[in-house]
Amino acid sequence: MPSRQIAHTNVALQPHAVCRKTTSGLTMLFDRAKGVMYELNETASAIVEVLGPEPMEVDAIVEALCAQFDAPADEITDHVEQFIVDFVEAGMLTAD
Numbered sequence: 000m001p002s003r004q005i006a007h008t009n010v011a012l013q014p015h016a017v018c019r020k021t022t023s024g025l026t027m028l029f030d031r032a033k034g035v036m037y038e039l040n041e042t043a044s045a046i047v048e049v050l051g052p053e054p055m056e057v058d059a060i061v062e063a064l065c066a067q068f069d070a071p072a073d074e075i076t077d078h079v080e081q082f083i084v085d086f087v088e089a090g091m092l093t094a095d
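Take 0 as the starting number for the sequence shown in numbering that gives the first Met the number 0 and just add one per residue.
None of these hints come from the bench; they were simulated from the model.
Treat the hints with care, as some may be off.
Okay, derived cross-link-like pairs now, EDC-like style, lysine to aspartate or glutamate, Cα gap no bigger than 16 Å in a straight line [said to hold, decoys possible]: (1) 33 - 88; (2) 20 - 30; (3) 20 - 58; (4) 20 - 38; (5) 33 - 48.
Please construct the entire structure, taking both the sequences and the accompanying hints into account.
The structure is reproduced here in structure tokens:
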């Protein structure tokens, strides 16, 4: 499960973040404010799909991904936490 520091943190896409599926099944995340596009890998695509349009607690994201993928919870937690750090820094997510 997520570290105690962020387990109950609510995460949401910024209003200027637009998601689109690619023909390969991954997700493109477009920052309308900066004109930057991110092609997400499979893990990041799954996180964005689970996250959806409403804020969601980090521990709920991890639980949903654990149910979807056959991977250890600590590995999923690491990926989710890194995604959050990277995309909060990029201005694409809010976390509070």
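Hints, verified against the model:
With a C-alpha separation of about 13 Å, the suggested pair residue 33 and residue 88 falls inside the 16 Å cut-off, and the hint holds. Proximity of residue 20 to residue 30 is assessed by CA-CA distance (about 15 Å); at most 16 Å being required, the pair is judged to hold. Of the supplied pair hints, the one linking residue 20 and residue 58 is violated, its CA atoms being roughly 25 Å apart against a limit of 16 Å. Between the alpha carbons of residue 20 and residue 38 the distance comes to roughly 10 Å, so the proposed pair stays at or under 16 Å and holds.
Note on residue 33 and residue 48: the hinted pairing is violated, with a Cα-Cα distance of about 22 Å set against a maximum of 16 Å.
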